[in-house]
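Visitor: Residue numbers (UniProt numbering), protein chains in the order written: chain A, 1 to 206; chain B, 1 to 555; chain C, 1 to 352; chain D, 1 to 112.
There may be inaccurate statements among the hints.
[What the hints assert, rightly or not] Over the 10 Å line for every Cβ pair with chain C, so calculated as not near, a few chain A residues:
{"hint": "1", "residue": "Y26"}
{"hint": "2", "residue": "P28"}
{"hint": "3", "residue": "W40"}
{"hint": "4", "residue": "T47"}
{"hint": "5", "residue": "L79"}
{"hint": "6", "residue": "E92"}
{"hint": "7", "residue": "E131"}
{"hint": "8", "residue": "H147"}
{"hint": "9", "residue": "H150"}
{"hint": "10", "residue": "T176"}
[Unchecked claim] Distance windows between CB atoms, simulated:
{"hint": "11", "chain 1": "C", "residue 1": "L42", "chain 2": "B", "residue 2": "S31", "range": "24 to 30 Å"}
{"hint": "12", "chain 1": "D", "residue 1": "I47", "chain 2": "C", "residue 2": "I93", "range": "54 to 60 Å"}
{"hint": "13", "chain 1": "C", "residue 1": "G303", "chain 2": "D", "residue 2": "E48", "range": "35 to 41 Å"}
{"hint": "14", "chain 1": "A", "residue 1": "D95", "chain 2": "C", "residue 2": "A251", "range": "41 to 47 Å"}
{"hint": "15", "chain 1": "D", "residue 1": "I94", "chain 2": "C", "residue 2": "G303", "range": "34 to 40 Å"}
{"hint": "16", "chain 1": "A", "residue 1": "G84", "chain 2": "C", "residue 2": "A251", "range": "54 to 60 Å"}
{"hint": "17", "chain 1": "D", "residue 1": "G59", "chain 2": "A", "residue 2": "G168", "range": "41 to 47 Å"}
In case anyone wonders, no lab produced these hints; they're calculated from the structure.
Please read all numbers here as calculations on a predicted model, not as lab measurements.
Yeah, the Cβ is synthetic: ideal placement off N, Cα and C, and Gly gets one too.
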Amino acid sequence: MWLFLLTEIMFFGGMFTAYLIYRIWYYPAFVAGSHWMIIWAGTLNTTVLICSSFTMAMGVYSAETRNRKALLRYLTLTLLLGIGFLGIKAYEWHDEWEHHHVPGLNFSTSDFTRVDPRYPLDKALPQDMAEKTQVYFSLYFLLTGVHALHMLIGVSILLFVIYHAWQGAYTTGHMTMVENFGLYWHFVDIVWIFLFPLLYLISRHQ
Amino acid sequence: MSTSTAIVLPPQETASLPKRSFLNNEYGLKSWLLTLDHKRIAILYLFTTVFFFTIGGTAAALIRLNLLTPGGELVAADTYNKLFSIHGIIMVFFFLVPIAPAVLGNFCIPLMIGAKDVAFPRLNLLSWYLFVTGGCFELYAIICGGMDTGWTFTTPLSTHYVNTNVVGAALGIFVAGFSSILTGLNFIVTIHRLRAPGMTWFRMPLFIWSYYATSIIFVLATPVIAISLVLLVMERAIGIGVFDPTKGGDPLLFQHLFWFYSHPAVYVMILPGMGVISEVVACFSRKRVFGYTAVAFSSVAIAVFSFFVWAHHMFIMGISNYSALVFSLMTMLVAVPSAIKIFNWSATMYKGSITFDTPMLYTFSFIGLFTIGGLTGVMLASLGMDIHLTETYFIVAHFHYVMVGGMVSAFMAGLHFWWPKITGRMYPEALGRLAASVLFIGFNLTFFPQFIVGYLGMPRRYHSYPPEFQVLNVLSTAGASILAIGYVLPMLYLTWSLKYGKIAGSNPWRAPGLEWQVQSPPLTENFPETPVVDFEAYDFEWLANQTKNEVQTVG
Amino acid sequence: MHYISPVLWQFLEKFLSRLPLFPPEASSIAPYSDAFFLYLLLISVFGTMVVIAMVVSFSILYRKDRHPEAIQIEGSTLLETTWTIIPLGLFLIAFVWGALLYFRIYNPPTNAMNIYIVGKQWMWKAEHPGGQHEINALHVPTGKAVQLTMISQDVFHSFSIPAFRVKREVIPGRYTTVWFEATKPGTYHLFCTQYCGTLHSQMIGEIVAMTPDDYQKWTAGSTSGSSLAQNGERLFASLGCASCHSGSADAHGPSLAEVYGGKLQMANGSVVTVDDAFLRDTILNPTMHQVAGYSPIMPTYQGQVSEDGLISLVEYIKNLNSNYRVHQTLNTSHVETVAPAAPAAGQGMVKQ
Amino acid sequence: MSAHKVNEVLDTEPTHHAEHMVSPKIYALIFGALLLGTGLTVAASYIEMGDFNAVVALGIACTKAVLVILFFMHVKYSSRLTKLTVAAGFFTFIVLITMSLTDYISRAWGLW
Ligand code: HEA
Ligand code: HEA
Ligand code: CUA
Ligand SMILES: [Cu+2]
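Construct the entire structure; sequences and hints are all you get.
Guide: Here's what the structure looks like:
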């Protein structure tokens, strides 16, 4: 399983590299772009994910202690939290669509070429830099999109795991499946732990 | 001939194939398509990859025919572009990358380490299906218009300027990539967990070492091409701006990501071959491989260093001069382990007792051709020289020397070497030697002129070229037709041998590996009882004792 | 031979006369390149020979008939180190030598004359400073260092002159440079070597190297009116650059006189050398190259100036020795000084 | 076959046979720490620290990730091999990023 996660690290690695490079190049655009992130949603989502990681860990623990009820309870909680995450993410995406921030499909620089009312101290971006916010949003959608895809896959597997757990599997000592799924889930959590500051936070203030 | 050969066939009048083996365990299409047996999966892979090879080879034949005349009268320019793109993509992603790991690796690894199967048989079957799915995408892309990006998918050409089926092709590679990842994963876990008792790391055949290195590359590098293809498809389909210079993206970034995979991938294409060569050289010299540890560690070294050199494909592409320096230096370093291996194989023959059966002949051509290919690689790695040589036929010659002269030769060596194990029958030896020689001659005739024409400056991917290059191109095309015979011949006689070949017996080469201690073709469960390994790899003295109390076939 | 078969003979004659094995050496760098190639060839032949010698001699000495019983040998650390160190040493020499050559080829001498190259699917366009334009051909004088400043309008191309042993990628969105000094008059191949789409193999042309006298005649004979710098001056006025870059003390923008080749302090603290690529980039992406001490008011000219136009502007700024000419244009085109004409189009969405 | 050899084989097995069970207490502790970390980063992002904002945010993110990896994912209690695997993954990840950056950063240095 760890080997598979290595694969995943490298999978995200490509995008993180791109993010880093363009951030260096188009710093102001990245700052401006991240000002449009909904910070409460991001924070909430981080919390949701961390909770789900915790419930997942507890689920694995319940499997270890062969406690079927607890296992079911924790897995279901994890599932709900996962779905919650996706819901909030969907809300955010919808918001970005409304603001014409989706590169390629629905994008306009107008939000960036005028002074942002919420950040009156910041100057508006000149046109050339405003164009570059597209790069920011491209990466934003890719990173969060691929992450959400992983969540989606995770949720589907989780359904399957819960079904089996309900039938009494995993609590008889054969718990590799739960364990490995746990690893996967935590990994997806870790990715978000990095995405959150990179996309939402670190440019809050400049 | 009989004195100079190591083949000990059982007396042919009385010999028979074992009654029970993985081949006749079950019958019917379903028993093949749903099999979990690594040996059957290997054979499935063999069929699919050979199928793709014929497609890629047909494209190659058309390329060479078109280049017979400077004007390129055979096909139109865009057809030509599609041809070499198809050729490159099929040959790399659907033939050479999967062929060695998935065919020989699947068949041999469990047998060699004394395991019943790979660690995750289901996953193994799944990778085959993924591979086939990827292949179908690719075929679909080829049939519905083809793609003319070259196998490197250079942006922004591939994202904005061609209107062929790039998305289909990229998706095909993407899916097939997952097949590689799963195979790599499977092998690593297999090698770690399923070794027979007593099979310590340094008792493993070198074949296993090099497959281990290959698998590492699979797992760590393949996802990067997956993500770069995703980015490419997104950019092409909905126009995000990551690689598009007009939106502020850097087209070079795509190449960074692409080569981060594709350079390690070229070692995926050669390391398994190196593993095969180690086995064959040892067996036919009847000697332990010279410097076992050096060879083992050089495999791992190649795998590790291969991650540091990717930008040598981009020396003139506009990367900074400083970083070109770094990457050139690293490339020089990665070339050294290959040199170590070559010398060790040669030294293995010293004071051996050498026979020249077909696998050994292919091994010779591997050693010679790979050395030439590798050394021209060093020329390309030298910054100043690369300026003149890059993007010319010199490169084409370089990588065909390493890929075709190197890896395909090694694969042929391996295929002939294990053929009796796989099918229980011998291939016709005389025809085998003939085909090996034909291949060697045809190969050199095809690709050596390309070195010269490349130094003269003929650019690659050219549908037509200035007339003064014609002579060399004619030679090359002539060579290619000989080469085609060299490939068709083994296909024919190997098929023939399935029914009419001599019965091989369990160990015709008197080779020491574990896989040779069981009947051929092996049982579905490989070993009737778990073997205990109390001998070193390539331990011919052990083998000599062993053969005294003859190996038995079960069933 | 002749009496055997005239047809065959003719064929052979044609065959051999069409079999060059070595490209012409027509630039000052070519001998160096070839010398290095010779070194690489030598070590390669040496390495291959060693391997072949080992394989062949062992095959003969220890084939089964002669040597029926193999003698097991474990290995030898001494040998391992030898064949690690020797190739490593040879490769490292190649690395150093190659790197030196690389920097020689990619670092133009300061006195080189500059020619602009624009690549697009599927043709080359050369623009001489004197305003001469050429398609799929390039005339250069011998004995003089020529620097090419190149850019692509669409995809990657690559400008390759095998006879000169130089080649450089032509990239969209960024200038790249290469230089050479032709030594032998003659006509040589020009190839686009980076695959660039359907007619990639038609993106070829010829390099005509001529003696300086001939070159002089050629330039005189093919001028098409105004020089690049003159075109640039016109653009400089009509695009409104002059309004801010007038060079006077109260101007919004810095003076551009003699800025080329010098070093500039940027707002983010770094120091850059002003070269062609920098000039082009500041016109398109002024925000990414903030000069210290000025506010980021310069509008972007992305999408408003063609690559040719940019080349003219760059050439003009490069040759701007004083602000005299700028003032001249200021006086003649007064309309534009009121409001910079450009930003109007810059508002809102600019998308292709 | 000697017992010594059997041990040698088992040592390289990646499964955690001697499974160490992490107690819920530790899980809860880590959970708390993670929540705290989240709160901290968000808070920190509202404080003007110049370049340090990024450093702090990423520092906290790394700490959080390490916590998850070590405890939730049991790496702390896993075999050397698992640890090595994880390390290898991050190593290649770093290689990808730094080696690409050698190009992007030194491009600005201009020609020789
Ligand atoms: C199996 C595949 C394979 C292998 C193994 C290699 C091996 C090597 N390759 Fe190759 N390469 C490719 C496949 C491969 N390559 C492909 C497909 C391309 C083109 C892609 C494209 O653009 O389409 C390419 C392109 C390519 C380039 C880019 C050229 C360009 O685009 O400008 C470079 C540059 O550095 C290079 C270098 C090397 C080097 C240094 C090795 C080394 O690993 C070689 C090491 C081996 C040896 C050195 C030989 C053994 C040595 C000895 C026997 C010692 C000799 C003794 C003495 C000197 C004393 N290769
Ligand atoms: C594993 C990889 C592999 C293999 C095996 C080959 C095999 C061959 N290649 Fe390949 N080649 C590449 C990988 C490979 N190539 C790559 C990656 C490129 C770069 C693509 C790009 O630029 O994007 C390339 C490009 C390339 C070019 C350059 C095209 C160009 O730049 O314009 C040429 C030209 O001669 C060529 C020739 C050949 C030949 C003659 C063979 C021969 O060895 C093939 C011999 C085989 C046969 C001839 C088929 C055998 C016959 C049958 C199976 C019978 C069935 C057929 C019929 C009945 C019709 N190849
Ligand atoms: Cu332009 Cu190829
Ligand atoms: Cu490479």
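Visitor: Measuring Cβ to Cβ, find out whether A:T176 lies farther than 10 Å from everything in chain C.
Guide: holds (41 Å)
Visitor: Should the hint that C:L42 and B:S31 are 24 to 30 Å apart at their CB atoms be regarded as holding?
Guide: Once the Cβ atoms are compared, 58 Å apart, the range 24 to 30 Å for B:S31 and C:L42 is violated.
Visitor: Is the Cβ of A:H147 more than 10 Å away from each Cβ in chain C?
Guide: holds (28 Å)
Visitor: Given the range 41 to 47 Å, decide if the beta-carbon distance of A:D95 to C:A251 lies inside it.
Guide: Given range 41 to 47 Å: holds, Cβ gap about 44 Å.
Visitor: Please check whether the beta-carbon of A:Y26 is more than 10 Å away from every beta-carbon in chain C.
Guide: The assertion about A:Y26 is violated, with a minimum of 8 Å to chain C.
Visitor: Given the range 41 to 47 Å, decide if the beta-carbon distance of D:G59 to A:G168 lies inside it.
Guide: holds (44 Å)
Visitor: Using Cβ atoms and 10 Å as the threshold, tell me whether A:E131 really stays out of contact range of chain C.
Guide: Per Cβ check, A:E131 is inside 10 Å of chain C; nearest 7 Å; violated.
Visitor: Measuring Cβ to Cβ, find out whether A:P28 lies farther than 10 Å from everything in chain C.
Guide: violated (7 Å)
Visitor: Evaluate the condition: distance from the CB of A:L79 to the nearest CB of chain C exceeds 10 Å.
Guide: holds (42 Å)
Visitor: Indicate whether the distance between the beta carbons of D:I94 and C:G303 respects the range 34 to 40 Å.
Guide: holds (39 Å)
Visitor: CB of D:I47 to CB of C:I93, is that within 54 to 60 Å?
Guide: holds (55 Å)
Visitor: Closest CB-CB distance from A:H150 to chain C, is it above 10 Å?
Guide: Its Cβ never comes within 10 Å of chain C, the nearest being 31 Å, so this holds.
The earlier numbered hints that this structure contradicts are 1, 2, 7, 11.
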